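Heads up: the protein sequence lines correspond to chains A and B, in order. Just so we're aligned, residue 37 is where the first sequence starts under my numbering, counting upward by one. Just so we're aligned, residue 37 is where the second sequence starts under my numbering, counting upward by one.
The reader is advised that the hints may include incorrect statements.
Which copy? The list can't say, so a pair holds if one copy fits it or any two copies do.
[What the hints assert, rightly or not] Simulated pairs of lysine to aspartate or glutamate, EDC-like, Cα-Cα distance not exceeding 20 angstroms:
1) Lys299 <-> Glu194
2) Lys668 <-> Glu617
3) Lys591 <-> Asp539
4) Lys591 <-> Asp540
5) Lys595 <-> Asp540
6) Lys465 <-> Glu300
None of these hints come from the bench; they were simulated from the model. Source: prediction; values computed, not measured.
Each chain, letter by letter, is given below.
There are 2 protein chains.
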Amino acid sequence: MNIEHKYGTTIFRSATDYQPPRTWRAWLIGRPLATADAPHQTIGKIIGLAVFASDALSSTAYATQEILVILALAGTMAFGYAFPISIAIVALLAIVTLSYEQTIHAYPGGGGAYIVSRDNLGELPAQAAGAALLTDYVLTVAVSISSGVAQVVSAFPELFPYRVYLAVALVLFIMVVNLRGVKESGAIFALPTYFFVAMMLLTVGVGLVRYLTGTLGMVVDPPPLEIVAVQIVTPFLLLHAFSSGTAALTGVEAISNGIPAFKEPRSHNAGITLIWMSAILGTLFLVITFLANRIGAMPSETETVISQLARTVYNSRDWLYLLTIGATTVILIMAANTSFADFPRLSALLAIDGFLPRQFTYRGSRLVFSRGIMALALLASILIIAFSASVTALIPLYAIGVFLSFTLSQGGMAHRWWKIGRLAPGQEKQERGSTLRYEAGWQVKIVINGFGAVCTAIVMFVFAVTKFRDGAWLVLVLMPLLVAGFSLIHRHYRNLARQLSLDDYGAASHIIRHRVILCVSGVHQGSLIALRYARNLSDDVTAVHVSMDPLEAEKVRQKWEMWGDGVRLVILESPYRLFVEPLLQYIEEIASQRQPNEIITVVVPQFVPRRWWHNLLHTQTAMLLRLVLLFKPGVVVTDVAYQVE
Amino acid sequence: MNIEHKYGTTIFRSATDYQPPRTWRAWLIGRPLATADAPHQTIGKIIGLAVFASDALSSTAYATQEILVILALAGTMAFGYAFPISIAIVALLAIVTLSYEQTIHAYPGGGGAYIVSRDNLGELPAQAAGAALLTDYVLTVAVSISSGVAQVVSAFPELFPYRVYLAVALVLFIMVVNLRGVKESGAIFALPTYFFVAMMLLTVGVGLVRYLTGTLGMVVDPPPLEIVAVQIVTPFLLLHAFSSGTAALTGVEAISNGIPAFKEPRSHNAGITLIWMSAILGTLFLVITFLANRIGAMPSETETVISQLARTVYNSRDWLYLLTIGATTVILIMAANTSFADFPRLSALLAIDGFLPRQFTYRGSRLVFSRGIMALALLASILIIAFSASVTALIPLYAIGVFLSFTLSQGGMAHRWWKIGRLAPGQEKQERGSTLRYEAGWQVKIVINGFGAVCTAIVMFVFAVTKFRDGAWLVLVLMPLLVAGFSLIHRHYRNLARQLSLDDYGAASHIIRHRVILCVSGVHQGSLIALRYARNLSDDVTAVHVSMDPLEAEKVRQKWEMWGDGVRLVILESPYRLFVEPLLQYIEEIASQRQPNEIITVVVPQFVPRRWWHNLLHTQTAMLLRLVLLFKPGVVVTDVAYQVE
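Bound-form chain A, shown alone:
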């Protein structure tokens, strides 16, 4: 051990000699990493697209299907509206992309919705953004994994009854991978993302060619339509279908969170990557929706639209079909994995700001925010179980959080441009920890971000209204509760810091009197060890025995006379056979007569057995007493353990 002395303080450096033990935990998540081992890497555009696009691109796996599910309420004839709706969604995507492109250039250090709202709109909007993002991340995992399992189940229908188990197992698998710590080397991301893009382009390409040459047929044996046509096509229904389709936009914001990971010039590289991603996403989504209509695909819980499309295009369930399904499944898993990077990072950020429990800032043995990772896995699993891994059931909860964070982020940016416009050219200003600097052309930028904010706000409103009864109400209830929770936690930390502060703390007065109360349940070696300790603490020791049985008490009295070393014994009769209450009453009586500089120590002999299950054979009164006495000021609880071999 390396020891250093500095101003009278001893510092032990144990970096080199401490060997963490090899446990099952180390086997599962890898050997502990030292703080100094934290990696620092940056990535280029090619890898960056792969790392950050999986969430957004994977939406194409379910967005078309969710539009069709809603249109099916008006019968299969209404499916024709799917393509126009998807054009509207792609237009929205273009607006959001433009808007985020500006954010990326304004926040080269990373401009997630939480940071942008905090810097430009204040604490409450920031908390709302935080709540929206956290729910969004949980739902991304639940929806992506459920959709991934739906793809697998489409290819292997015999797995249908096990889909919830499969989905939860996948979540736990991703959790373990993330607890090990994913090196952001990108290679493991690049392969699946580009493989997915390639497979999808091939599938829709072949599909388009076959359509144009007139050889594209209809789906053979489409799954039966599970929804009964109950209404006619109304504007409400179309807006409802549009809302479902907006799930395609989820994940677009990912790049703006991850700018620091890009190579310099960071903002430039990140911006180009964003535009590429949106272009691929929009194209795939449009063509998939178009082709799904042409082949007469049916929305279904048992076979996904992607599966119907692939087997119709390839005219078989052969290897090209299986590769397409496999690629889709893997990209969906990667999308879930993205949330496993974002959720812990955001919860740590919120915890540092005092809005979430401090524990979320703690880096586990593998330098990852392990509590955030486990919390995410738990919450996503609960959702998957509660909604039976059905994408259609989960979708109504999904996009509200996403669009709330879009709106806040772009609204924040618009406000920022407005403030920048107030500055003189060349002027700089510090505000809420970020630097505002005059920029020419702020007028155009405020319009772009402002228009984006208005559009996404309208979509959010449409979504909340059309999907209110399907489950959106749950999110609308949950979000204010989350924000209220953040505030409560924040208040607690602030109060605590104030109360512990030494700013106006005088010198502590010295302790003048020290009374010791020794709890004696019986006279044996254990209680004598505690007696010896108690006598070392003070000359003023009182042994107390709570008696439920006069015969037993008399035995204790007699034995104490022999072994008690002259220490006075008090017997408390307990007619109701309670142990803690009479003792507490007695201690309270003594504490009430306490002088200002008097302290009372309660010594509790604590029996420590060799095996854990032996604890079940003993009443844990020592522990109970300790829990109760902790709340009494001026009373200290000491456990004197006696280990039994």
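Please arrange chain B on chain A, whose structure you already have, making use of the hints.
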């Protein structure tokens, strides 16, 4: 408070002035009772029959049906064997009754199977009897409640899907009633028991009259036979059906446990009550089986044989039918209630002897063995849920324990008579805490008890073989495990007593040196309170800070210089961001240099928040550290709490 001084010891008597608080618990189970309030009452034969017969008599509600279920395997033609089988069972009942009548006279203080085995056969058979009885009580609750619910469901078929919920709710209801403490006034027992006997006698009486006058028809709309005839009638099948029917004998031993509750002459009164009980039981069982055959009753999960019989006899589902079903349901609930008296009493007895955790001897606020009551309710509920409240599914687990305890009890009695036969007339002998006294006619008695033991042993064997695959194997596995558990627990208590014994304990040496280690996570009011306390304990205080962040450590060092009162500070660097491990390593190093009479106290500042949920916002390192340090000899852990308002 009444204070008494006696040989220098202060005794506080608080019997009169302590007012237990009014809580939801007091509302549910009643205000606490003082130990002095324990009631002592004795009962006569009429009430005695009502109190102790419910378990045995209630067996008639399912025994016939369970015989038919097995016979159905050979088709409805085999139902004709039911009556001869029930005659054999009644013969067995007569043997067991005669045998127990002798036990009652030999054990006026109560002669349950556990006590008789312990006194006459030794520790292992006693443990086997204890295990058998405990499983028997749990199964009595599960079977009686399931059968009671089956009666209700027969009358109200729409409740069928809710039978498991109903059964568990009933178990919890009986648990609460027993936690309140049932006054053994007998009146609440007398009414249902005699009402049941009256209703059953009326039903079978009317049935017999209608049969003799030729007006008794067949069951209208009998439930469909759920069992497919798969085999022919074999001796094995008949023995199998006989085994099921022996469920009728369960509960016969109840009176021998409860002799002390009877008025004097206790044994005489108890004996007569036993004979009356067996006579009623045998008669009802025979006639029910006979009539069930005549009307063509079908064994079924949806309608009990009792229900089929009652509606056929009364030709309707009118009030006489409902009264019969109601009386049957209530007696079955009373039967379950009997186990709620017996199980806690036996588990307390086993705990006093050191075979079960001591907690079972503790009388709760209502003077009942509350832990035993709750354990029974929990175990019975688990069984009910696991077996979907099906009597037929539970029966294979049931009678083995009953017949094992019969065999051990009667075998013990036979052994007792044999030892008595060795004595000279008039001679007395103490053995294993019970008194043996010569009795004339021991030769007859040894034959009766011995024959009873042999018969019940054979039945147990037949039961185990015929029902092995249906579930009896589970009990055959469980019983040895229970006995092994008893032995492990016993060994633990014996070892502990030996280690704590003061028999060869010399005077304790005095503590010479006292080192105090103060854990400091930060320098604030809380840690300064702990520092003040630590300095009062000893002059040898070392403050220790575990550092995960050098900047933070430097801050602590500087603040400590100002506030640390000159106490030396040690900083432990923790490169793996662990808290407990480096601290532990440091304490271990210090403890390893400990002198014989040196003690080390670790003072841990413990933050106590105002609201319980605030604990979730803080890492509970103090608690963790305490748990780990408890295992180190010579190290005492002291929590100095700082309460935050």
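Consistency of the hints with the structure:
no., hint, verdict
1, Lys299 <-> Glu194, "neither (46 angstroms within a copy, 70 angstroms between copies)"
2, Lys668 <-> Glu617, "within (14 angstroms within a copy, 30 angstroms between copies)"
3, Lys591 <-> Asp539, "between (55 angstroms within a copy, 15 angstroms between copies)"
4, Lys591 <-> Asp540, "between (54 angstroms within a copy, 18 angstroms between copies)"
5, Lys595 <-> Asp540, "between (52 angstroms within a copy, 14 angstroms between copies)"
6, Lys465 <-> Glu300, "neither (25 angstroms within a copy, 100 angstroms between copies)"
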